[in-house]
Structures are given as C-alpha cells and as structure tokens.
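The sequence shown runs 1 to 120 under my numbering.
Think of the hints as simulated: they come from the structure by calculation, not from any bench.
Don't take every hint at face value.
Unchecked claim - For each label pair, taking beta carbons as the anchor points, the in silico distance ranges come out as: (1) R110 x R28: 46 to 54 Å; (2) E57 x R110: 24 to 32 Å; (3) N59 x M80: 53 to 61 Å; (4) L48 x L76: 16 to 24 Å; (5) G24 x G49: 13 to 21 Å; (6) S77 x G45: 21 to 29 Å; (7) G49 x R28: 55 to 63 Å; (8) R93 x A20: 55 to 63 Å; (9) R93 x T30: 41 to 49 Å; (10) G38 x P5: 20 to 28 Å.
Claimed, not checked - Keeping only pairs whose Cα atoms sit at most 20 Å apart, straight-line, the calculated EDC-like set for lysine to aspartate or glutamate is: (11) K47 x E103; (12) K47 x E100; (13) K18 x D7.
Beta carbons: idealized from backbone N, C-alpha and C, even for Gly.
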Amino acid sequence: MARNPQDAARETVEGAAKAASQAGDEMRETADRMGAAGEAMQDQGAKLGLTMLEQAELNTREAFAAMRAAAQASDLSEVMRIQTDYMRDQGSRSVSQAREIGEIIAGFGRSAMGQFTGRG
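Whenever a hint applies, use it, and build me the whole structure from the sequences.
Right, dumping it as structure tokens:
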C-alpha cells in the first residue's frame, strides 16, 4: 500500500526532531561532564599549589635550622657533620616531595578523565 506523502514527510520530521533531541541531550550530558572535569581541575590545581608552598616552607625552615646550627658549631668537623646531615635529609625530603607531587598530578589526571567519561 502506498504511503501518503504528507505522512511520510511527518514521519521524517518527527524522526529528525527525535534525533536532534537525543543529540541535544548527549551534548548537555557532555557539557555537564566537562564542567565537572573543570571543577576537578580547579580543585586539584589548588591542592597542588598549596602542597608546593608547604614543601617550600618546610625546606626553607630546615635550611635555616641547619645554617643556625652551623653558625653555632664549635669546630669545623661539627659544621661538616651538620652539612652532611642536612644534605642527606634534604635528599630524602626531595624524593618524598617529588613522589607526593607526582601522586597529586596522577590523581588529577585520573579524576579529570573519570569526570569527563562519566566514571568519576
């Protein structure tokens, strides 16, 4: 049986409207995910900045403590011991701090991708 051209046109328009509506829904969902990913990026960026400031403050405090101790040392061997201890401790701190920053950055990447893909 032949279809009425008006019915065929109506079905085509209704199908196009439905497809446009679905596309709009998907675009809104993607925009929401991107917004959530942006918020996560902002939060993680703030956390990273604060962590770096805290690390710099600790390193500065430890350096001044070592300089103070060296200035009060009674002889050169004590100065050398203080310097050696400071360098050893600073090396350990640097490794620990780099690991902490790396974990924050990795967590940021996982969080952003999770938010963007809808899994976070």
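Going through the hints against the structure:
no. : hint                   : result
1   : R110 x R28: 46 to 54 Å : violated (24 Å)
2   : E57 x R110: 24 to 32 Å : holds (28 Å)
3   : N59 x M80: 53 to 61 Å  : violated (21 Å)
4   : L48 x L76: 16 to 24 Å  : violated (41 Å)
5   : G24 x G49: 13 to 21 Å  : violated (37 Å)
6   : S77 x G45: 21 to 29 Å  : violated (47 Å)
7   : G49 x R28: 55 to 63 Å  : violated (32 Å)
8   : R93 x A20: 55 to 63 Å  : holds (58 Å)
9   : R93 x T30: 41 to 49 Å  : holds (43 Å)
10  : G38 x P5: 20 to 28 Å   : violated (48 Å)
11  : K47 x E103             : holds (12 Å)
12  : K47 x E100             : holds (11 Å)
13  : K18 x D7               : holds (16 Å)
Taken one by one, the earlier hints fail for this structure at numbers 1, 3, 4, 5, 6, 7, 10, listed in ascending order.
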